[in-house]
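Participant: What follows is the residue order along each chain.
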Amino acid sequence: QKEVEQNSGPLSVPEGAIASLNCTYSDRGSQSFFWYRQYSGKSPELIMSIYSNGDKEDGRFTAQLNKASQYVSLLIRDSQPSDSATYLCAGGVQGAQKLVFGQGTRLTINP
Amino acid sequence: SAVISQKPSRDICQRGTSLTIQCQVDSQVTMMFWYRQQPGQSLTLIATANQGSEATYESGFVIDKFPISRPNLTFSTLTVSNMSPEDSSIYLCSAQRGNTEAFFGQGTRLTVV
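Same order as they appear, the protein sequences are chains V and G.
For what it's worth, this note's numbering labels the leading residue of the first sequence as 1, then goes sequentially.
For what it's worth, this note's numbering labels the leading residue of the second sequence as 1, then goes sequentially.
Hint data in this document are derived by calculation from the structure and do not stem from the laboratory.
Since the structure is predicted, the reported quantities are computational estimates derived from the model, not experimental observations.
Be a bit skeptical, because a hint or two may be false.
What the simulated footprint calls covered on chain G by chain V, stretch by stretch (three residues with Cβ under 8 Å from a Cβ of chain V suffice, anywhere in the stretch; the number is not a length) [said to hold, decoys possible]:
| # | region |
| --- | --- |
| 1 | 10-20 |
| 2 | 30-36 |
| 3 | 43-56 |
| 4 | 90-98 |
Each residue gets a CB set at the ideal place from its N, CA and C atoms; glycine is no exception.
Using the sequences and the hints given, assemble the complete structure.
Facilitator: Following this line, the structure appears as structure tokens:
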């Protein structure tokens with residue numbers, strides 16, 4: 001069973017601080033990883049994708065991938081109340097064109 | 001990216017009846033999937049909708065309960081058959097081009113009474 005694990009939270013961060021979200025995965029063959037943001041009552045929207053070891057930055061968001069340790073993280077700098085949402089980590093399944101999702105981390109940014 | 005239109009957005013159905021959910025993508029995609037999301041939970045993959053052939057179901061999901069069609073590269077339907085209150089959930093369609101990021105429809109909130 002391919003698994004993606006996240007701390008379900010809730011994670012509470014003051015406005016302006018850095019929010020750090022973490023995810024581990026069991027499938028060593030996974031080559032692609034994604035972070036989705038889901039507001040309550042809405043469908044998931046893609047925030048970041050990462051395929052190579054290291055960091056990938058996009059605006060206030062940085063995704064980090066460490067394949068040796070099998071973890072993926074998402075950093076949100078200068079957190080805003082509008083960042084309050086559930087963040088889902090997903091990994092591609094080796095040999096199959098489908099994704100496995102973690103249980104999601106609920107993030108709250110406090111003004 | 002891809003724009004995905006899913007309908008209906010919500011429905012309230014009587015137990016024992018069936019509901020068909022439609023998913024339309026604005027461009028051709030390789031893969032289409034159907035997920036279920038219980039309140040406060042993550043996404044559970046129901047099946048992969050294969051164009052021109054039978055869908056591939058995940059463990060715990062069967063074709064008789066969740067028949068799926070995919071007549072072409074932009075359209076798919078999921079039917080929830082013989083519904084019971086336990087089927088109340090959000091159903092999500094997603095699309096991918098190859099082994100890349102998935103994009104989601106807006107979801108269908110189903111309540112079975």
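Participant: Next step is simple, just say for each hint if it's right about the structure.
Facilitator: Going through the hints against the structure:
1. 10-20: violated (count 0)
2. 30-36: holds (count 3)
3. 43-56: holds (count 3)
4. 90-98: holds (count 3)
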